[in-house]
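Go by the hints and put chain W onto chain E.
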Amino acid sequence: MSALVVGLGSPDRGDDAVGPAVARGVAALGLPGVRVLTHEDPTDLVELWTGAELAVVVDGVRSGAPAGTLHVVDAGVGTRGLAHPWTATAHGGTHAFGLATAVELARALDRLPPRLVVVGVEVAVLDHGAPLSGPVAHAVGPAVDAVADLVAPVRSAASEVPRVRR
Amino acid sequence: MTHKLSDGGQVLEVGTLARVEGEGGMHISFRDGRVEDVQLRIYEPPRFYEGFLRGRAWTEPPDITARICGICPVAYQFSSCLAIEDACGVTVPDAIRTVRRLLYCGEWIESHALHVFLLHAPDFLGYDGAIEMARDHPHVVEMGLRIKKAGNDLMTVVGGRSVHPVNVRVGGFYRMPTRVELHRLRPALARALDDAVATVSLVATFDVPDWEQPWTYLSLRPDHGYPIEGGRVVTSTGADWDVRDFPQHVTEVHVPHSTALHARLDGEDTPYVVGPLARYTLNHHRLSPLAKDVAHEAGLGSTCRNPFRSIVVRSVELVYALEEALRIVDAWADGVAPSVPVPARAGEGFGATEAPRGVLFHRYRLDDDGTILDAQIVPPTSQNQPSIEADLRVMAERWTVLSDDDLSHRCEHAIRNYDPCISCATHFLDLRVERS
Numbered sequence: 001m002s003a004l005v006v007g008l009g010s011p012d013r014g015d016d017a018v019g020p021a022v023a024r025g026v027a028a029l030g031l032p033g034v035r036v037l038t039h040e041d042p043t044d045l046v047e048l049w050t051g052a053e054l055a056v057v058v059d060g061v062r063s064g065a066p067a068g069t070l071h072v073v074d075a076g077v078g079t080r081g082l083a084h085p086w087t088a089t090a091h092g093g094t095h096a097f098g099l100a101t102a103v104e105l106a107r108a109l110d111r112l113p114p115r116l117v118v119v120g121v122e123v124a125v126l127d128h129g130a131p132l133s134g135p136v137a138h139a140v141g142p143a144v145d146a147v148a149d150l151v152a153p154v155r156s157a158a159s160e161v162p163r164v165r166r
Numbered sequence: 001m002t003h004k005l006s007d008g009g010q011v012l013e014v015g016t017l018a019r020v021e022g023e024g025g026m027h028i029s030f031r032d033g034r035v036e037d038v039q040l041r042i043y044e045p046p047r048f049y050e051g052f053l054r055g056r057a058w059t060e061p062p063d064i065t066a067r068i069c070g071i072c073p074v075a076y077q078f079s080s081c082l083a084i085e086d087a088c089g090v091t092v093p094d095a096i097r098t099v100r101r102l103l104y105c106g107e108w109i110e111s112h113a114l115h116v117f118l119l120h121a122p123d124f125l126g127y128d129g130a131i132e133m134a135r136d137h138p139h140v141v142e143m144g145l146r147i148k149k150a151g152n153d154l155m156t157v158v159g160g161r162s163v164h165p166v167n168v169r170v171g172g173f174y175r176m177p178t179r180v181e182l183h184r185l186r187p188a189l190a191r192a193l194d195d196a197v198a199t200v201s202l203v204a205t206f207d208v209p210d211w212e213q214p215w216t217y218l219s220l221r222p223d224h225g226y227p228i229e230g231g232r233v234v235t236s237t238g239a240d241w242d243v244r245d246f247p248q249h250v251t252e253v254h255v256p257h258s259t260a261l262h263a264r265l266d267g268e269d270t271p272y273v274v275g276p277l278a279r280y281t282l283n284h285h286r287l288s289p290l291a292k293d294v295a296h297e298a299g300l301g302s303t304c305r306n307p308f309r310s311i312v313v314r315s316v317e318l319v320y321a322l323e324e325a326l327r328i329v330d331a332w333a334d335g336v337a338p339s340v341p342v343p344a345r346a347g348e349g350f351g352a353t354e355a356p357r358g359v360l361f362h363r364y365r366l367d368d369d370g371t372i373l374d375a376q377i378v379p380p381t382s383q384n385q386p387s388i389e390a391d392l393r394v395m396a397e398r399w400t401v402l403s404d405d406d407l408s409h410r411c412e413h414a415i416r417n418y419d420p421c422i423s424c425a426t427h428f429l430d431l432r433v434e435r436s
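Chains E and W supply the protein sequences, listed in that same order.
Going by our numbering, the first residue of the first sequence is number 1, and it counts up by one from there.
Going by our numbering, the first residue of the second sequence is number 1, and it counts up by one from there.
Simulated coverage check for chain W against chain E, where a stretch passes if three residues somewhere in it have a Cβ under 8 angstroms from a Cβ of chain E: (1) 131 to 140; (2) 147 to 159; (3) 162 to 171.
Rather than coming from a laboratory, the hints here were simulated on the basis of the structure.
Each residue gets a CB set at the ideal place from its N, CA and C atoms; glycine is no exception.
Isolated chain E, as found in the complex:
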């Protein structure tokens, strides 16, 4: 009975750091039963979320929406795949292997967690060494709240949730 929150992105590439920033915000809440990680390589996700009832992955996206816009997409078992805005974001990650590819690879391997929610924050600036841009920095708080809301039912209903399928 557990929830996993992964902040995906590079801490030194402007708004690409929004995933780790949101993860740090969630970790600061000290939510029991919620494991919080920051990570850069999407290929590890399939291992990282093994055993989790609910996985929430926070990442920057570029779909053309205003900077700071939140996208909350259910991408787990039974969904049809991680589509817009991640397809518009293209690869991401190293060597053309981004979040969308990692999710669909896990789906093909039957290694998705029972519930997977991807929280995307629309980015504006991806310069080396740049801080979060204003709109994205303002979106961190609402994104933390959104993640907290997502993991709350899992924590409160933990005793009623069946064991994770392996």
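Frame of chain E; chain W shown alone:
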């Protein structure tokens, strides 16, 4: 998508080539059934790293140049460290060099596992990509992910992060890993070694075209062991020179169809090759007994000149890198100073290491206070661009009878033989074929 040309020829827009890093295009024109021209058209905007290294401190290149690539940052870090240390007249102790080799093994493991399983294997097994392949071959993909994660975890423990490590500095490291930390990695590394041995057996069964490329091979060769974190430069023509002589032998030229420079060896127009095939062919005798055995069982001799068998050689190198990592982990003792001082002085320094896809050369010229006056970086893909084009010219000539779709797939496959890393930016590479 096919377009008719006004002169009666054809332009085929094949769409996008995924599973290659960087932004560019491929142009192949045919006339009278013969290949007329082949161009790897890299149009990714220049990134000016060498320009903005000027004026920075001598301590900064490991962190700045690591950002050039997300899959081989360690190569950039250590080539820059060697060059700066050379300029400052410092040679790091063997213990620091050993930890560099360990971190570099992590990079080889994660990079080779990604390429072998997720980017290259689909070409041989007839899939559009790793996702499609995973549905039919889940155990193969799971094996690749396990190996890659072992490399990522090694990078995290030694480098501080699995991508763009932060623990590397000129003169060594900020912090040495402890024996306890390293030994926690052992079970995953040992399992990955078993997986890598199985990988060699698997990829040895893949069908490959029968062809041997005649190009000159170039790699490093250290005093001991297989080349990874340094060495002298050797070639298949018998040359053997110090890395300091690299600029005298390797020159870079602009070509109109690429924003990336093309490298030439000793002024020759014929291409030369860096990377796994060159390393293996020039250093087979340096492999471990196990790596030699699995290579032999896979049908490899002491040389390999078929670029389509690069997937076998990469897998043999996976075996070697995992063995090396385990050897270093098992022998590690705590108490080693993490770095040595590298005081600034005026001078010029040269460094080269073996990135997963080939020799990466750095040169820096420093002012007496350590300010960088001039920087030069020669990445492996710049050196391999002419040989990629030359391979395609030969292979496309054989494949003219194929349909446009089949021709496109074969050409993409031939490009991926090199695991090219056009940049760390995440873009597409379009393939364009003209027939007339």
